Amino acid sequence: GRTPGQLEETAAAIHAAGGHALALPADVSDAPAVARALDTLAATWGRLDIVFANAGINGTFAPIDELTPEEWDRTLDINLKGTFLTIKYSVPLLRQQGGAIVINSSAHGSRTFSLSGMTAYACSKAGQVAMAKMLALELARDGIRVNVICPGPVRTEIDDNTERRGLEGIRFPVAYPADSIPPLTRGELGTPEAVAELVVFLVSDASRFITGTEVWIDGGTSLLRG
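Every number in this note's numbering is 1 more than the matching position in the sequence shown, counting from 1.
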């Protein structure tokens, strides 16, 4: 992450709960920065068992002819290139004893394609799903499992840094009742804790025979929106 303050707070909370944590600020789209972070981890703990590739942004939502190349690059650099770099520099450590990788993709770009202006975001998320499947087979003989989660509407702060412009002219006139998204919870958003519980399952021995699989965690939203 690029937010040292938040990383330190999280590390402090882990220490307070009796665990061990190492905060390693890094821009996931910067190859040398990611490599340095993994080198520090290796020098400190000597091994790595689990990777959760979770860094990402919404980027800019805009019509394709208004989206700038710089905005496209920023979204793909963080979401897709960042996932690649995180895994690339983690695999040598994982190979020592095997392990599990979970990639945080999205329902958008994997099962939902109806929200206008999200082209860069959806492409980055579709790429993450493809990456998980390719690597699941490539790394299977090393005892490394690779799965991908596809969250839908979850209560996070990611929308706070999302730019939207020019969407009125390309948005389809489809509206859903307020209590229908997500269908399962009658309008109540999912929680980060629910997503975390899925990740814990996918990196645990309980999922030891699961790899190359995407799991949608969206309360049925992507089935409705399509």
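There could be a bad hint or two in this list.
Derived DEER-like restraints, expressed as beta-carbon distance ranges [said to hold, decoys possible]:
1) 185 / 43: 36 to 44 Å
2) 71 / 170: 17 to 25 Å
3) 195 / 23: 22 to 30 Å
4) 141 / 181: 33 to 41 Å
5) 43 / 205: 21 to 29 Å
6) 187 / 66: 33 to 41 Å
7) 170 / 224: 24 to 32 Å
8) 187 / 93: 20 to 28 Å
9) 158 / 66: 50 to 58 Å
These are computed hints drawn from the structure, not numbers from a lab. Since we're looking at a predicted model, the values are computed, not measured. By construction, the Cβ of each residue, glycine as well, lies at the ideal position given by its N, Cα and C atoms.
Does the Cβ-Cβ separation between residue 187 and residue 66 fall within 33 to 41 Å? holds (38 Å)
Outcome for the supplied range 17 to 25 Å, where the beta carbon pair is residue 71 and residue 170: holds (22 Å)
Would you say the C-beta atoms of residue 195 and residue 23 sit inside 22 to 30 Å of each other? holds (26 Å)
Does the beta carbon distance between residue 43 and residue 205 stay inside 21 to 29 Å, or does it fall outside? Holds - the Cβ-Cβ distance for residue 43 and residue 205, about 23 Å, lies within 21 to 29 Å.
Can you tell me whether the CB distance of residue 170 to residue 224 sits inside 24 to 32 Å? holds (28 Å)
Tell me if the beta carbons of residue 158 and residue 66 are separated by a distance inside 50 to 58 Å. For residue 66 against residue 158, whose Cβ atoms are near 30 Å apart, the range 50 to 58 Å is violated.
Within 36 to 44 Å or not, the Cβ separation of residue 185 and residue 43? Given a distance of about 42 Å, which is inside 36 to 44 Å, the answer is holds.
Verdict for residue 141, residue 181 (Cβ pair) under range 33 to 41 Å: At 40 Å between Cβs, range holds.
Are residue 187 and residue 93 spaced within 20 to 28 Å by their CB atoms? violated (47 Å)
Checked against the numbered hints given earlier, this structure breaks hints 8 and 9; the rest are met.
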